[in-house]
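S.K.: Listed below, chain by chain, are the residues.
2 protein chains.
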Amino acid sequence: MTDIFEVPIPDNDLLDKADQLRLASIKISQTNDNERIRALNLMADYLEKNSRLIIEANIKDYKKAENKGISKALLSRLKLTKEKLSLGIEGVRKVGDLSDPLGQIQMKKELSEGLILERKTVPIGVLGVIFESRPDAVMQISSLAIRSGNGVMLKGGSEAYFTNLEIVSALKKGLEESGFDKNAICLLTSRKDSMAMLNLEKYINLIIPRGSNELVKFIQENTRIPVLGHADGICHLYIDNEVNIEMALKVALDSKIQYPAACNAVETLLIHREIASDFLKKAIPIFKSKDVKLIGDKKSVELGVDFEANYVDWQTEYLDLILSIKIVDNVEKAISHVQEFSSKHTDGIITNNISNANKFMNEVDSAGVFHNCSTRFADGFRYGFGAEVGISTQALPPRGPVGLEGLVTYKYFLKGNGNIVDDFSLGKSVYTHKDL
Amino acid sequence: MTDIFEVPIPDNDLLDKADQLRLASIKISQTNDNERIRALNLMADYLEKNSRLIIEANIKDYKKAENKGISKALLSRLKLTKEKLSLGIEGVRKVGDLSDPLGQIQMKKELSEGLILERKTVPIGVLGVIFESRPDAVMQISSLAIRSGNGVMLKGGSEAYFTNLEIVSALKKGLEESGFDKNAICLLTSRKDSMAMLNLEKYINLIIPRGSNELVKFIQENTRIPVLGHADGICHLYIDNEVNIEMALKVALDSKIQYPAACNAVETLLIHREIASDFLKKAIPIFKSKDVKLIGDKKSVELGVDFEANYVDWQTEYLDLILSIKIVDNVEKAISHVQEFSSKHTDGIITNNISNANKFMNEVDSAGVFHNCSTRFADGFRYGFGAEVGISTQALPPRGPVGLEGLVTYKYFLKGNGNIVDDFSLGKSVYTHKDL
Chain A
524 MTDIFEVPIP DNDLLDKADQ LRLASIKISQ TNDNERIRAL NLMADYLEKN
574 SRLIIEANIK DYKKAENKGI SKALLSRLKL TKEKLSLGIE GVRKVGDLSD
624 PLGQIQMKKE LSEGLILERK TVPIGVLGVI FESRPDAVMQ ISSLAIRSGN
674 GVMLKGGSEA YFTNLEIVSA LKKGLEESGF DKNAICLLTS RKDSMAMLNL
724 EKYINLIIPR GSNELVKFIQ ENTRIPVLGH ADGICHLYID NEVNIEMALK
774 VALDSKIQYP AACNAVETLL IHREIASDFL KKAIPIFKSK DVKLIGDKKS
824 VELGVDFEAN YVDWQTEYLD LILSIKIVDN VEKAISHVQE FSSKHTDGII
874 TNNISNANKF MNEVDSAGVF HNCSTRFADG FRYGFGAEVG ISTQALPPRG
924 PVGLEGLVTY KYFLKGNGNI VDDFSLGKSV YTHKDL
Chain B
524 MTDIFEVPIP DNDLLDKADQ LRLASIKISQ TNDNERIRAL NLMADYLEKN
574 SRLIIEANIK DYKKAENKGI SKALLSRLKL TKEKLSLGIE GVRKVGDLSD
624 PLGQIQMKKE LSEGLILERK TVPIGVLGVI FESRPDAVMQ ISSLAIRSGN
674 GVMLKGGSEA YFTNLEIVSA LKKGLEESGF DKNAICLLTS RKDSMAMLNL
724 EKYINLIIPR GSNELVKFIQ ENTRIPVLGH ADGICHLYID NEVNIEMALK
774 VALDSKIQYP AACNAVETLL IHREIASDFL KKAIPIFKSK DVKLIGDKKS
824 VELGVDFEAN YVDWQTEYLD LILSIKIVDN VEKAISHVQE FSSKHTDGII
874 TNNISNANKF MNEVDSAGVF HNCSTRFADG FRYGFGAEVG ISTQALPPRG
924 PVGLEGLVTY KYFLKGNGNI VDDFSLGKSV YTHKDL
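Top to bottom, those sequences are chains A and B. The first sequence lines up with residues 524 to 959 when you count with my numbering. The second sequence lines up with residues 524 to 959 when you count with my numbering.
Note that these hints are calculated values from the structure, not bench results. Just to be clear, a hint being listed does not mean it is correct.
[As the list claims (entries may be wrong)] Straight-line distance between alpha carbons at most 20 Å, and here's what the computed EDC-like set of lysine to aspartate or glutamate pairs gives:
1) A:LYS882 - B:ASP556
2) B:LYS550 - A:ASP542
3) A:LYS550 - B:GLU840
4) A:LYS805 - A:GLU769
5) B:LYS938 - A:GLU769
6) A:LYS705 - A:ASP902
7) B:LYS725 - A:GLU886
8) B:LYS643 - A:GLU928
9) B:LYS643 - A:ASP902
[As the list claims (entries may be wrong)] Okay, the calculated bits of chain B under chain A, using three or more residues with CB under 8 Å as the criterion:
10) 594 to 602
11) 645 to 654
12) 742 to 754
[Unchecked claim] Label pairs and their calculated CB-CB ranges:
13) A:ASN833 - B:GLU579: 53 to 61 Å
14) A:LYS607 - B:VAL835: 17 to 25 Å
15) B:ILE532 - A:LYS591: 37 to 45 Å
16) A:GLU744 - B:LYS821: 40 to 48 Å
17) A:GLN553 - B:LYS811: 34 to 42 Å
18) A:LYS550 - B:LYS550: 48 to 56 Å
Don't be surprised by glycine CBs; every beta carbon is placed ideally from N, CA and C.
Whenever a hint applies, use it, and build me the whole structure from the sequences.
M.R.: Set out below in structure tokens:
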């Protein structure tokens with residue numbers, strides 16, 4: 524998508540779709556918990572009923588992509604096996620099992636006699652989701668949207684054209700049978716529409732991009748709609764001087780190699796100078812045996828690291844078996860490095876010194892700050908959220924892994940019996956501000 | 524400010540200031556509750572000590588503004604009397620009395636044995652506040668920023684140049700005496716810098732504009748930094764058929780005339796057709812006696828309203844003694860009108876019919892939905908928040924009146940004893956996901 528650098532104006536056809544979606548989202552916002560659970564189960568039922576059609580459509584997409592010479596990695600993400608589809612369908616039902624994020628009373632107070640303020644969670648409205656080739660994302664995202672009472676406009680990768688059409692058709696049948704407006708899920712299929720979506724700020728309340736860093740950056744720079752997500756995931760692990768070297772090594776390895784293409788994999792290892800020699804003596808052969816390319820500052824090269832790092836390395840998310848290493852004087856220097864280069868996703872410290880651990884965790888302003896564990900735990904499922912729409916590295920909430928909670932907002936309900944502000948100005952009424 | 528339509532690149536001097544502010548904000552984020560309360564009291568003390576200097580500076584600003592022929596409304600907002608200053612200083616101490624928004628544990632759970640996840644509130648980082656001529660805003664905003672552990676970059680109106688300098692100088696002395704880094708409050712004085720601020724996305728985490736709709740709109744359209752606030756405040760009041768007409772009239776009057784220039788004043792009155800004639804018979808003479816110009820749809824003109832409304836009226840925030848009136852068939856039509864024209868600030872219904880009240884409050888997606896009370900209650904002080912940085916009409920939180928709670932975010936703290944993700948993949952460890 525990086526070849527498109529202008530955001531087209533939405534045409535009338537897209538505006539019509541957006542308006543139908545907006546109206547459907549209002550209807551779905553008024554449904555109750557049981558109705559939404561039932562809708563999810565019916566959506567899952569129709570995915571099962573239409574499994575054959577979906578798999579056939581996927582084979583068609585796959586063949587087309589193969590002929591186009593698309594990369595192996597993309598092909599493997601595009602491929603929807605029976606097993607993957609079953610897991611996706613199971614996922615839809617599981618989202619139904621999560622507790623209702625709507626109607627939660629966050630605040631209830633009496634402002635004055637007979638004047639009661641409540642703050643309750645409500646759906647955000649319409650979500651706009653742009654994702655690359657994985658067709659299973661359609662099921663996951665649609666179920667999270669419906670569970671939280673939102674409408675959703677989806678734009679998937681063009682490689683998955685036929686698969687996405689079949690999946691969405693099944694989901695809409697489920698919605699219809701449950702009495703919901705099927706327009707609550709809207710699939711866009713053209714590239715032009717997917718970019719014009721960024722100009723639908725009157726219809727879409729939150730954009731969730733799921734794809735490459737380039738896609739996310741492009742979206743962040745080209746829309747006024749709030750964007751939930753992150754571009755870079757430049758995570759750090761600092762190994763302090765008071766450590767168990769075996770534990771430090773185990774955590775460092777897991778943080779790098781357990782799944783190097785993940786955003787929560789570590790890109791830079793910072794090592795206290797007092798421990799650097801002992802640590803690297805053990806670490807270098809192990810990392811090498813796992814095919815990890817090590818790139819370090821001068822000091823670490825002196826201690827056996829093969830390649831010398833330049834400034835750009837500290838700013839790079841390798842997403843690969845490459846790790847940059849820097850030797851630092853103390854925890855303060857480690858914190859400064861993290862503050863300068865972290866993408867504010869997840870940064871960790873390994874130490875037995877509680878005071879250093881607290882200092883690091885308090886002063887590093889990332890969505891996740893970890894002590895004596897792998898950065899790979901930064902994930903909605905591992906945090907116990909049941910499902911995740913993405914991980915946000917922005918300063919404002921929702922921050923970190925975002926589950927259903929991030930797909931709701933709140934509004935204030937105020938109920939009175941004819942109360943007016945002027946009575947308070949004149950002293951005829953008084954504020955009590957009692958929590959209820 | 525509407526005459527400037529390009530956002531300049533920050534120069535090195537501004538970048539230096541921003542970097543000092545960023546470092547100071549990290550230091551202040553590490554202070555404890557008592558230290559921040561003490562700092563606020565010392566800030567208030569220095570404002571008191573420097574009262575004479577501040578008032579003299581204000582007289583200088585006032586004379587200059589008067590000579591320039593600035594409007595009376597602006598002059599009155601610029602004027603800082605002894606009483607206004609005392610109230611401002613008292614306000615600073617009161618912010619110290621509010622409970623600490625930082626370090627609140629929002630979530631605590633065991634992910635697995637020995638692996639504990641906590642979500643705690645932390646400061647946002649650096650706030651950027653752009654406001655028009657009122658110099659008392661400097662005291663209020665700075666105290667809210669310091670209370671919540673944030674740094675703040677301020678840009679006030681050029682008319683208040685000398686006053687703002689004196690106030691900020693006193694505030695910085697208070698910060699210094701309390702051992703805080705005085706760079707945590709940074710005042711910009713040139714228009715060029717204030718606009719370049721919008722390009723400081725690496726340094727500023729949240730922009731809070733306080734001023735005209737045009738200022739807010741300009742800022743929203745010209746920065747990638749999240750903006751807290753609202754441009755228009757187009758609030759509605761719907762008078763249903765099952766009402767006590769006296770109560771409806773009292774609430775309608777208060778919503779319009781108690782302070783017509785406020786964002787929470789009502790701009791459009793929707794009236795059920797069955798009650799329209801009776802209501803308007805009483806309302807028209809009363810509104811006229813209060814100098815309110817009434818503009819209505821055809822039906823309401825037939826019932827005695829003087830001026831006929833056009834499409835633009837439904838989209839206009841008059842901020843004045845002008846009220847547009849529309850007669851509707853039922854609560855559904857009232858809701859549709861609100862959904863189309865509301866700026867999502869505050870919309871209310873007057874009815875004795877609970878089912879209609881709930882329908883209206885649930886289906887209208889505004890930050891505040893009110894039943895049988897004046898829209899003028901939409902305010903942080905009236906909601907009991909103690910202080911307010913503004914009212915947000917966006918879909919995502921913070922929404923509605925925003926107090927200290929809106930100036931903090933959260934991060935996830937994960938503490939383990941060497942836990943790695945691979946052990947869970949291999950089945951050597953299991954997730955327990957127990958709430959603690």
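S.K.: If a hint holds in the structure, say so; if it does not, say that too.
M.R.: Each hint, compared with the structure:
Straight-line distance between C-alpha atoms of LYS882 of chain A and ASP556 of chain B comes to about 17 Å, which keeps the hinted pair within the 20 Å bound. Our distance criterion of 20 Å between C-alpha atoms is broken by LYS550 of chain B and ASP542 of chain A, whose separation comes to about 48 Å. Proximity of LYS550 of chain A to GLU840 of chain B is assessed by CA-CA distance (about 28 Å); at most 20 Å being required, the pair is judged violated. A threshold of 20 Å between alpha carbons decides the hint, and for LYS805 of chain A with GLU769 of chain A the separation of about 9 Å falls inside it, so the pair holds.
Pair hint LYS938 of chain B plus GLU769 of chain A holds up; C-alpha atoms about 18 Å apart against a cutoff of 20 Å. For the proposed pair LYS705 of chain A and ASP902 of chain A, the alpha carbon gap of about 31 Å is over 20 Å, so the pair is violated. Simply put, LYS725 of chain B and GLU886 of chain A have alpha-carbon atoms about 17 Å apart, close enough for the 20 Å limit, and the pair holds. The suggested pairing of LYS643 of chain B with GLU928 of chain A holds, with an alpha-carbon distance near 16 Å, which does not exceed 20 Å.
For the given pair, LYS643 of chain B sits about 17 Å from ASP902 of chain A by alpha-carbon distance, which is consistent with the 20 Å threshold. With 0 residues carrying a beta carbon less than 8 Å from a beta carbon of chain A, the stretch 594 to 602 of chain B misses the three-residue requirement, and the given coverage is violated. With a threshold of 8 Å between beta carbons, the proposed coverage of the stretch 645 to 654 of chain B by chain A holds, since 3 of its residues qualify and at least three are required. Residue count for the stretch 742 to 754 of chain B with a Cβ under 8 Å from a Cβ of chain A: 4. That meets the three needed, and the coverage hint holds.
The given range of 53 to 61 Å is respected by ASN833 of chain A and GLU579 of chain B, whose C-beta atoms sit roughly 56 Å from each other. A C-beta distance of roughly 54 Å is found between LYS607 of chain A and VAL835 of chain B, which places it outside the suggested range of 17 to 25 Å. Between ILE532 of chain B and LYS591 of chain A the beta carbons are some 42 Å apart, a value that agrees with the proposed interval 37 to 45 Å. One distance hint, 40 to 48 Å for the beta-carbon pair GLU744 of chain A and LYS821 of chain B, holds here, with the actual separation near 47 Å.
Under the hint 34 to 42 Å, the C-beta atoms of GLN553 of chain A and LYS811 of chain B, about 40 Å apart, fit the expected range. In this structure, LYS550 of chain A and LYS550 of chain B meet the distance hint of 48 to 56 Å, their C-beta atoms being roughly 51 Å apart.
When held up to the earlier numbered hints, the structure conflicts with 2, 3, 6, 10, 14 and fits the remainder.
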